Every structure is written in structure tokens, then in C-alpha cells.
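Asker: Chain residues, written in single-letter form:
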Amino acid sequence: MTITFLLNGERVELEDVSPTATLLDWLREDRGLTGTKEGCNEGDCGACTVMVTDPDGAKALNACILFLPQLHGKAVRTIEGAAGPKGELHPAQQAMIDLHGSQCGFCTPGFVMSMVASHANGATDHDTQLAGNLCRCTGYAPIIRAAQATEKVAVPTWVQEDRSFILPEKLRGEAESRGVEPPANVQIPQTADELAETYARHPDATLVAGATDVGLWVTKQLRDLDPVIFLAGCDDLKTIDVTDSEIRLGAMAHMNAVRQVIEPLHPSYGEMIRRYASVQVRNAATIGGNIANGSPIGDNPPALIALDATLHLRHGDTRRSMPIEDFFVDYGKQDRAPGEFVDQITIPRQEDNLKVYKLSKRFDQDISAVLGAFNITVKNGTVTAARIAFGGMAAIPKRATHVESALIGQPWSETSINAAMTAFDQDFTPLTDMRASAEYRLETARNLLMRYFIEHSGDTASVLEVSS
Amino acid sequence: MSIAKPLPHDAAKLHVTGAARYVDDIPTSRDCLHLAFGLAPIAKGRITAMNLDAVKRSPGVVAVLTADDLPFANDVSPSIHDEPLLSDGTVHYPGQPVFLVAATSHRAARVAARKGDVTYAEEEALLTVDQALMADSRFEDGPRIYEKGDAAAAIGAAPHVIDGKFDLGGQEHFYLEGQAALAFPQEGGDVLVHSSTQHPTEIQHKVAEAIGAPMHAVRVETRRMGGGFGGKESQGNALAVSCAIIATLTGRPAKMRYDRDDDMTVTGKRHPFKISYRAGFDDDGKLLGVDFLHLVNCGWAQDLSLPVADRAMLHADNAYLIPAIRIESHRLKTNLQSFTAYRGFGGPQGVVGIERVMDHIAHDLGLDPIELRRRNYYAAPDQAGADNTTPYGQKVEDFELHEMTAQLLDSSDYAARKAEIADWNAGQDRFARGIGFSPVKFGISFTLTHLNQAGALVHVYQDGSVHLNHGGTEMGQGLFQKVAQVAASRFGIPLEKVKITATDTAKVPNTSATAASSGSDLNGMAVKAACDTIRDRMADHLAQRYQTEPAKVRFEDGNVHIGDEVISFDEAASLAYQGRISLSATGFYKTPKLEWDRINGQGRPFFYFAYGAAITEVVVDRLTGENRILRADILHDAGASLNPALDIGQVEGAYVQGAGWLTTEELVWDGKGALRTHAPSTYKIPACSDRPDVFNVALYDGQNREDTIYRSKAVGEPPFMLGISAWLAQSNAVSSFGDAFPAMDAPGTAEEVWRAIRRVRDGV
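As you go down the protein sequences, you meet chains Z and C in turn.
Take any residue in the first sequence, count from 1 to its spot, add 2: that is its number in this note's numbering.
Take any residue in the second sequence, count from 1 to its spot, add 9: that is its number in this note's numbering.
Derived by calculation from the structure, the hints in this document are not laboratory data.
All values derive from a computational prediction rather than experimental measurement.
A hint or two may mislead.
Not everything, but these chain Z residues come out facing chain C in the computed CB check (under 10 angstroms) [to be verified]:
#1 T36
#2 A84
#3 G89
#4 M98
#5 D238
#6 I242
#7 V244
#8 I369
#9 V372
#10 S439
#11 L444
#12 M452
#13 V465
What follows is a list of derived Cβ distance ranges for each label pair [said to hold, decoys possible]:
#14 C:A707 - Z:E163: 51 to 57 angstroms
#15 Z:S439 - C:G69: 55 to 61 angstroms
#16 C:A63 - Z:R33: 29 to 35 angstroms
#17 C:D150 - Z:A397: 18 to 24 angstroms
#18 C:Q437 - Z:N382: 55 to 61 angstroms
#19 Z:E163 - C:A515: 44 to 50 angstroms
#20 Z:E265 - C:D139: 48 to 54 angstroms
#21 C:A515 - Z:D58: 32 to 38 angstroms
#22 Z:E163 - C:V575: 32 to 38 angstroms
The beta carbon of each residue, even a glycine, is placed where N, CA and C say it ideally should be.
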């Protein structure tokens, strides 16, 4: 298959690309561009961060779990392209030197590229922007000082040009007009309809959306993906609509886009997404992927269950819908037929009573030990409705139906909360693993209900809100 | 003078442009082979059958080696030859290399390495220190015991006694650049090895043994590491040796780098300890006697565990004059990774022990923990009475902490904040803030005395440019820049005239590891000696030429002043060359005053001590145990700093790394000994937002009382222990939920904090 993209402002055309060749390996091994580093090969350290510009804008992405076909029609900028054509340093590079932001230097290219991307986007929430970049030497303070120092400096022309350089339709059109056919085992549908048709014909194919999970099948489990369908071209699956009655999320909406829509409507869910993985991962990961992979520790499903979301599946021209909790049947088993894919998710518009609590060893970029989502309606001092769901507590994202029953109809009081807290063991028998013990999971799940009650009364909800 | 200037890291521009070259970035030819190990999945047992046909048939595979195929030594141990490169038929931990694959790509080697068909007869493994102690599975014949006075009697007679014990977790280095090596075969069977190592000479030594050649046949070069932290003192041996063997067997370059999961599974980490204590004290909180038991989990091979465990004992006093103390240390052999050097080298574990005791006593007596500590400090140099000696008999002659503590209490506004926090905590039952203080007194020198030596090689070229080389390695700490600042200062030339070059065993031989914080102390002095030799030769020559005294020749501002004449340094170099003066010199340094008997625990193992103090404030959540650092104030003693910017960088980074060790960084092994936290997805080092919101770091305005390079002090490891204050602050916060002492284990993860609160508040 032929892939066309811009690399540091220059057009690159690749023939016969392996569908599972990662950008990182290609840069380092084939292109001799060794500035981009491999730190973990699983998207958790950010040493391989590059900036990718597409019609949506500039994004930091982890090159280690980014397959070349995902780049088709986009502009890639690596650390070698951070400085200008005459070698003039990007303001982030100069600030990192001046403010002592590098020690061993190995994480530095990744930090710089995250800063180049966030600077291009005018972002100043540096802790969030850099949460996906690990540094073991500096303790981060000088890096943050460097990021702050670049805030008021103009975006260099060579970075701005990525946007004007990029002609995605043209690039794609050319590839098509030259009649380049991808090999039979690789499909790159350009619309949801094409996907539906293709996947129905190849129900054994692996769907690759953001590759933040499937990427690890390749880099860690060393699997070959065959056949594979890349979803990157299906722009119509990325659509997000907010109407008076519902929020409609296309399955391919990436998590940073979802965050932007969710944050004003359900701030607590938005805050959870801020802590969900990292900027790089959220720029790639899709809402549909987080649901379809059926993980018991995916963070979106409990929140969506609590919001009474509906999942829309499609197989060929056949569509069906279900309450999202019904999708999760058992560990590793979802109600999805071969060739059927997640098309979209709809969330009914509602008064915001949702709180989403994520417990993990580290606040940022960590997989949850427990994720609790509480959507409780209180009218005239009485609980009239409750939808409560958890991740990390069972083999699937699961509703706490006994807890809900214990609350509904009860007065909204500490007594009712304490009574409902005893119902958790009827809903959950969690496991012990490296993230937390079963006891901690069960007890803190109970306590999160109390936290909801406390927060409902207007008190401080989290240590993140406390300062010295 | 470039000394004491806050210059950036020498490679900063290369770092930020991606041009800094690490081992895996070095260009190789197309025929380069890539290596991977097949790993044992069990903790203990014997290999009963091994069929590697599928490995050999795997695409791209060129060679597959087992222990039987190795041409010479099968050993990568840095100490007692107990660490085979490839299993000798026995397995001692999950992750032990069993066979070696050489293939045409990194991925091909990794794929093939998983295809081994190996059958094992499993045996019962020892995973904990308690199991190992019960089985008497240990290194050395028995425990080491260091004693001063009669601790048991002193405790027995004391008005107050506390006791306790706790688990202190290990720590993964998580250098961002994983272990890596690259070997190029040379003519006549020689080999050139590029290694990401803190110890090129050790690599050279082990490679020479493995290829059956003298050390002169092996040249090891290290330009930089992407982080080391002790994890590249001995853990790179296996990769470099593998590459050298494959390169010499095949005549092709060979490269090996561990995938992150392999790196974390195969290599050693900081030693986990179990520490028990008993302490007697008077009504004022003055220590009368302390008894420590250190159960040290050394893992399966000895590696550097003995000096690590020794150093923990040597820091069991930390900053406190303890009239009677007994420290008993068991070095236990288990079926886990072979625990190894890690920043502080056992010192942090020793310091955590006594700092726990101090907080426990303060809690018991209701005393301010800082006041209690100050009462027990060693005496200041001008106050030192008859007894100011450590448990191992070294006199403390440079104790800076009285003044430093006073300054820090003032700058951090401790008293007012402590009162404000108490009020805040009293007003609620949901959150608690806590404040922790930890000082550090860290002994500087290798405790294996002969390692305290260093060499340098300096050339002045006829154009006045300078080539600098020494035995130290650059892992990010800024050593090369500091040493270059020394060289530039000796010649009185701008720093740009000094070329920093890769560490190279062919230039400076028989080097010690860049470890024990010794880098700039040792290499700075060696470089100074080399520069001064050349300078003296130039001065002699120029004095003769200009008819004056050598003593009247001065090197400054890029010029050489010869009596009343001034010529540029470049011209001076040219004149010296034309005058047939040797402009190349070696330099050598050995640390003075050291004398140490490690068996009896007596002598002067350290040239001097480096000091620091930190105050950390945290907040904890009763419902979930979630916690975070709100503020840290640090005052650290780097002597007369060679480069304050680099030194502050070391302090900030060390603090966050130390706090990470004791908060979020949890190593979890399952019941079969398999490490479950073997990637950044499961092992959580601090991220950006985990650094303190308010982070005030300053260097103490002092100078080394001993004659070190420009009166500076070593700075690599000592500030790591400042992070202990974060764990103490957690404990302090937890204690506000009830009357009991929190008695926390480490690390203080959210779950551990939650458990401690439950104990204190609910008695559960």
C-alpha cells in the first residue's frame, strides 16, 4: 500500500508499507532519524512524542504505537523538525536550554515535541499537556518553567506551515487516482458505509482506530495483524453532535474531542477524561475503542452507563441499539456479532448530577484501580433516581443495582448513604491485583458514595482541590 | 573563571534538538545483528529439556546460544562470579536469561526469543526476607553487626522505649533509556563496545573474560546514558558481554537493547528492606540507645548487595549522635531479581529507619518532630565535645545541620504553617494535611576504599583548544560540564575551548564506576592534576622564553600573563609546541584520610559528609487514601557549588525521585515471584503534576571543610533522601485522625495511607 504524508515539511511517499510498521521504528530504523526515542514502546512515557497535524489541528502523539497507515494525508513533525530551516531553535527548545530542562536528555525530544504541539495550540495547562511525558531526572520543575517561558512567544512560521502545507484531500485524491490498491489484508475505508461493507466481508479483521490498545498487541505481544481495517479515514464516524435531546458521539471521536464536548455539560466526567491516559493517548484513543475492547477497567463505560447512554452498533446495513451496560456480557465477551462495529453512542441530555471518581496510584496517566460513576437525582430531599456504575470492580463495567435500589425513594441523608453503603457487597466481589487489593476496592467504592454525598452538599471533593 | 557559574548542561542543545546520540542511535552497518534473551518464567528450578528448533527457524535468526555454546566465561557478576550470563541449567528468578538469540532485526530477535520450548522442574522459591531468614538463605556467613556502646543495656535503663517494624519497598530505576550495548568486531579478535554504563572498566573486564582475551583487546566507550541512577553500574554487563560474544563469533556488529518490560523484569532494583527497631530515650527525647534489625532482600545473586547493606548500616544514625546503638544486618538471598545499586546505595533505607524512629518518639512524647531531631543532632564543629562519633567510629567534624535547619525553619515559615495546619485539620474529619521534616547527613566516598581513585587525560592542541577526558561517565548529572569548568578554570580559558569527549577505557584505564556521588570529586581533582601538569610545563617554558620566573606566569581571561607580557592562550600553546613541550598529561587522584574495616565496622569510610534538609507538606483523603504533595522547602549543602544550576537540578530531581520511591512507586510480585509491575502502565514514577505545587529549593551558602575540588561537595545521591520527608508528612497527616502512631509501611500509596488512617481512626 502507498502512504503519503509530510515529514518535517517534506513530502514522503512510501510504497509497500507493512500495516503494522510503527512510525517510531520507521523513523529510527529506515529513515535514520534517531532523535525520537523509544522509552517504553507502549505509549506510557512520551519519549517518542511527535506532532501530527491534520485538518483538526496539531496533536502530540506517541510514535511507538502509531502505525504508518494512520498517517496518510497528514503532516508529521519530529524533533529534527522542531527547529527552523536555518537551525533557529523553537522557543521551547531555547527555554529548555536556558532553564535547565534537560539532564540525561533522553526524554527531552518527547517533552519538546509535546511543548511544540501545546504551544501551537496556545495551551497553558502545562501539567495536563505534559502528563504523558515522563522524566526521571529533573523532577519536572525546570521543564514547567520552560513551558511557561514559551507561553507569550509567537508560534514559529515553520510550525504554522504544517497546517498550510497539509492538503489531505489532494494527497488522498492522488493516491486514489493513481489506482494504488491496498493489499487484500489491509483495508482503509473512507466512510462508515465503506467500513460496514468491508467489515461484513472481513469479519475476522482487526479494527484499528487510535491503536492505543491494538498498538500494544503489536509492540508487546508481537502479534501480526492480518487482516486489518484502519478506521482513520472514516471522518463521518468522528462526528459529534449536541442537540437539545442528546449528545451524539461518533465511535471514532477521539477522547480529547469528547472531553471538549463533555466538560461543559458534565464537568466531573470532563475532569476524569483530563486524567484519562495522556494528551498523546487521548489524541489517538477513541470513545468507540474504549467501549468495544470490553475492558473491565475502561474509564468511559461506567460514566456512560451512569448517564444512561445508548450504544449503536452496525453490521452491513443493519443497525441496532442497546443500553450500553447490556453490551458487556462477561470478561472478554461483548454483545457484538462478527463484522459488527460500534457506530455511535448517544447520551440523553439531562440535568448534571454526575460525579465520576477515579482512584489510581498516580493521579495522571494511570489506569484506574476503581472508577465510580454516580448519577443521583434528589428531589425535595428524596432520591428519585440513581444510576451508579463501576469499573475495576468486576469482570465488566457494572452497575451497582443493589446500591441504586437501596437509595431510590430514600431521604437524601447520611443515614440513607450509610445504609446504601452496605449494599455494595451484593453488587461486587472485586479482585486483588497490582493496582489494589479487593478490600481497598470494595471499601473505597463504598466511600465514594459518601464522597458523592459530601460533594453534593458543597464541600471539597478531592485532594486535588487542596493547596498549601 | 567558569567555576561556580550556573551554565547549562554541556549537551543541552544536543538534547533539545534530538542530536544527542545514545547507544541505540549510533549508526551501524546493514549487517548488524540484534540480540534478545529467552527468559525463564519460573522463580526456581532446573531445566530438564530445551528444544530451540523453533527459535532457530524463526525468520531472521542467525544464531542461538545457550550456556554450552559460550566460548569462555559464563559470568556477568560484578562481585563473586555467581551470575551466569545464560542459565547453567538452574533457574533462580523469573526473568533469568536462558538463551540468547541473534537476528537481523530487533523485532525478529524478540519474536524468536519467545519461541523456546524449555521444560523446567520447579522447586519451591523463597520470595520474602522472612522466608529466606527461616531457610538461612543468605550471602556472607551470618549477619553483619556494627555496634557502639551497649544498646540493649541503654534501652533497658531508658525511661521511655518504643519499638516497631515496617516494610520498606524497593524501587525500579526507570532510566528513560533502557539498557543498551553495541559491539563492533575489530581486527585480531579485538572488540569495540559502546555501552550505556556507569562503569566502562567493569564492562571491559567482563567482556574480556567472556571473549577469552586480555583487557587490552577490549575498548569500551560511553558518551552518555539516558539516565543511570545506579541501575547501570552492573546491570549492563549482560548486554555488553552478549554483544561482544556475538560480534566476535560472527564478525558482525551486534546490538542489544532490552524492551522496557524485559528491562524491568530482568534487571535489579533498589533493595527492599524490612526494618525492626527498638529505641530508648529520656523525657526530653534524647536518644539513649537504639537497636536496628535490617532484613535486606538481595535477590538471587550477590551483585553489590554487601556494600549496599553496609551503607544502610552506615546511615542508620543519619544526623543523630546516638550514645549506644546496635545494627544487625542480614543479607538474604531470594528468588527475585538481583537487587542492585540505586542512588543512595542503601543509605536511604538506613536513613528511613532512624527517621521513622524519630517521628515515633516525637509522637510518643508529643514533641515537635523537628525540635526532637535538633536535640539529637551531632554537635556543630565549633561545639563538638568528647563524643561526636558515628556508630562506626568516625568523628563528625563538619556537621552543618544546626545552622541549615534554623535557616530552613525560617524560610519555610514552619511554625506558623504548622499551627495553621493543625487548625485546618481540627475543623474537619475528611482531609488532613501533614508536615514532615527530614535531614540528611550522607557519607561521601566508596566504602570499598580502593575505588576512591580517578584518572584523567588532557591534551592541549597547538591552536589552544583542549581535549578533555576522564574516567567519569555522563548520565545526565552534568558531570562533564562541571569537570570541563574545572579544566577551563585551570587554563583560564573560555569553556568553549574545552572539548568534552566520551569516556573511553583506551584513554583512561582502571576507572571506578561513576557512583557513590563521587564523579566530580574524583574526576574533577584528576583533571585538575592533569591540567596543572601541562600548565606548569607551559609556565616553565614561557618563563624561560620571557626571562622571568614560572611563578610569575598566570593563566586567566583566555590569556597567559608572563611577568608584564600578555599573550593569548592560543599563542602560548603554539609557542610551547614549537618549544617541544609535551602538551598532553594524565592526572590522577586518590581520596585522602580513608581507613575502613567493614567486617568490624570501624574506621573512617568517608572523606566528608554532605548535608541537606527538607520540609514537605501533604494532604490525605480519609475516604480513599488519595494524597499529594502540596509544598516542599529544601536547603541543600553542595559545598561551594561548581555549578549551582546543575546542583539545584540534582536536588530537585532527587527529591521527586525520593518522594516517588516512598509514595506511588510500588513493586508488586505475585505469589510465584513474577513481577507484576514491569512497565510504566503498572509501575508509577512521579508524573509532572506529582511534583510539589510549591517547590522552594536553595543551596546552603557554605564550603567543604575538607580539601575537595574548589571546596565543592558531592550532590548526586544526598538529596534523594530529602524525599523521605514526604513519607513522614503522610504519616503526620494520618496521625491527626486518632491517637495511635500510624506505623506506615512504605511506599505510602493511596491504599497504604487509607489503611493507616483506618488503623489510627477506627482501630481496624
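Asker: Which of the numbered hints above does this structure break?
Answerer: 5, 6, 7, 11, 14, 15, 17, 18, 21, 22
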